[in-house]
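K.L.:
Protein chains in written order, with the working numbering: chain W, 1 to 144; chain E, 1 to 144.
Do not take every clue at face value.
Heads up, incomplete: computed chain W residues facing chain E, CB under 7 Å, no partners named [stated by the list, open to error]:
| id | residue |
| --- | --- |
| 1 | VAL36 |
| 2 | LYS69 |
| 3 | ALA89 |
Straight-line distance between alpha carbons at most 20 Å, and here's what the computed SDA-like set of lysine to any residue pairs gives [said to hold, decoys possible]:
| id | chain 1 | residue 1 | chain 2 | residue 2 |
| --- | --- | --- | --- | --- |
| 4 | E | LYS69 | W | GLU21 |
| 5 | E | LYS69 | W | GLU45 |
| 6 | E | LYS69 | W | TYR19 |
| 7 | W | LYS120 | E | ARG107 |
| 8 | W | LYS69 | E | ARG43 |
| 9 | E | LYS120 | W | VAL24 |
| 10 | W | LYS69 | E | MET48 |
| 11 | E | LYS69 | W | GLY22 |
| 12 | E | LYS69 | W | MET48 |
| 13 | E | LYS120 | E | ILE143 |
| 14 | W | LYS69 | E | ILE143 |
| 15 | W | LYS69 | E | LEU47 |
| 16 | W | LYS120 | E | GLU106 |
| 17 | E | LYS69 | W | VAL24 |
| 18 | E | LYS69 | W | LYS69 |
| 19 | W | LYS69 | E | LYS34 |
| 20 | E | LYS69 | W | LYS120 |
| 21 | E | LYS120 | W | LYS120 |
| 22 | W | LYS69 | E | TYR19 |
| 23 | W | LYS69 | E | THR64 |
Computed footprint of chain W on chain E; a stretch qualifies when at least three of its residues, placed anywhere within it, have a C-beta under 8 Å from a C-beta of chain W [to be verified]:
| id | region |
| --- | --- |
| 24 | 22-31 |
| 25 | 105-116 |
In short, the hints are calculated from the structure, not lab data.
The beta carbon of each residue, even a glycine, is placed where N, CA and C say it ideally should be.
Protein chains: 2
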Amino acid sequence: MKEHEYFMRLALAEAEAAYREGEVPVGAVLVIKKEVIARDHNRTEQLMDPTAHAEMLCLTAAVTHLRSKYLRQATLYVTLEPCAMCAGALGWSQIGQIVFAVRDPERGFTRYAPSLLHPKTRWCEGPCASESQTLLQRFFREIR
Amino acid sequence: MKEHEYFMRLALAEAEAAYREGEVPVGAVLVIKKEVIARDHNRTEQLMDPTAHAEMLCLTAAVTHLRSKYLRQATLYVTLEPCAMCAGALGWSQIGQIVFAVRDPERGFTRYAPSLLHPKTRWCEGPCASESQTLLQRFFREIR
Numbered sequence: 001m002k003e004h005e006y007f008m009r010l011a012l013a014e015a016e017a018a019y020r021e022g023e024v025p026v027g028a029v030l031v032i033k034k035e036v037i038a039r040d041h042n043r044t045e046q047l048m049d050p051t052a053h054a055e056m057l058c059l060t061a062a063v064t065h066l067r068s069k070y071l072r073q074a075t076l077y078v079t080l081e082p083c084a085m086c087a088g089a090l091g092w093s094q095i096g097q098i099v100f101a102v103r104d105p106e107r108g109f110t111r112y113a114p115s116l117l118h119p120k121t122r123w124c125e126g127p128c129a130s131e132s133q134t135l136l137q138r139f140f141r142e143i144r
Numbered sequence: 001m002k003e004h005e006y007f008m009r010l011a012l013a014e015a016e017a018a019y020r021e022g023e024v025p026v027g028a029v030l031v032i033k034k035e036v037i038a039r040d041h042n043r044t045e046q047l048m049d050p051t052a053h054a055e056m057l058c059l060t061a062a063v064t065h066l067r068s069k070y071l072r073q074a075t076l077y078v079t080l081e082p083c084a085m086c087a088g089a090l091g092w093s094q095i096g097q098i099v100f101a102v103r104d105p106e107r108g109f110t111r112y113a114p115s116l117l118h119p120k121t122r123w124c125e126g127p128c129a130s131e132s133q134t135l136l137q138r139f140f141r142e143i144r
């Protein structure tokens, strides 16, 4: 759990960078054997691209770096539950593990389609939940 | 229907290009007001990226070209039913219409999560169904 918290704090730092840039504050870090392979945050406004979620950017960076379509050894830490698009992408990559901080009751994949992930992918939730939730609430309070 | 067939034939030409490159033969064309804005085919092997589906490449090219996150005026023609990742991405873009040639009983979004699309997105299936099916069957017969 300490390891999960350590990497989730890096993902939170990415979420805070997104917040400062006026993006929905979600961050992600992709780790293999305790090494950070990719880290990024939501950039949908900056790139004007609705697919530029933190998870998608990390996934594409990681597969490019590793020259492999598959991420079976990797763990993705992300501050918000992935949406179905991201879960579908992570499913294609056969990622080993997904750890997210808080659920997304509106858009989270567990509500829409929990079977999108590869059968061998493990996932859990919880590390840094309150910090992630606070940041998201602050963002949405300010823009409304 | 003639218009659907016309653009689906362009998508089929993309699928044939994918076939020649050793990719799963799926092609897509994105159209706004009868003008082709983007066209591409599956490039998951070439880019070593499991997210490089024809639909994702067309979507990203179109939003970059249009400088807009939304594709409400657009129709996407694709030779195979989109997977959940692509449907989720198309949902975020609020695309106007999706036309696909044949269903994907294994990975198609209508089986996993039909509610992934935006409520206003219309979709239909059928144009050039037999041509698309024949190309896919030829590909999978040859690699097995």
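K.L.:
Take the hints in turn and mark each one as holding or not.
P.N.:
Hint by hint, here is what the structure shows:
no., hint, result
1, VAL36, "20 Å, violated"
2, LYS69, "5 Å, holds"
3, ALA89, "5 Å, holds"
4, E:LYS69 with W:GLU21, "17 Å, holds"
5, E:LYS69 with W:GLU45, "8 Å, holds"
6, E:LYS69 with W:TYR19, "19 Å, holds"
7, W:LYS120 with E:ARG107, "17 Å, holds"
8, W:LYS69 with E:ARG43, "11 Å, holds"
9, E:LYS120 with W:VAL24, "24 Å, violated"
10, W:LYS69 with E:MET48, "5 Å, holds"
11, E:LYS69 with W:GLY22, "15 Å, holds"
12, E:LYS69 with W:MET48, "5 Å, holds"
13, E:LYS120 with E:ILE143, "39 Å, violated"
14, W:LYS69 with E:ILE143, "18 Å, holds"
15, W:LYS69 with E:LEU47, "9 Å, holds"
16, W:LYS120 with E:GLU106, "18 Å, holds"
17, E:LYS69 with W:VAL24, "14 Å, holds"
18, E:LYS69 with W:LYS69, "27 Å, violated"
19, W:LYS69 with E:LYS34, "35 Å, violated"
20, E:LYS69 with W:LYS120, "34 Å, violated"
21, E:LYS120 with W:LYS120, "35 Å, violated"
22, W:LYS69 with E:TYR19, "19 Å, holds"
23, W:LYS69 with E:THR64, "25 Å, violated"
24, 22-31, "violated (count 0)"
25, 105-116, "holds (count 4)"
Against the hints set out earlier in the document, violations occur for numbers 1, 9, 13, 18, 19, 20, 21, 23, 24.
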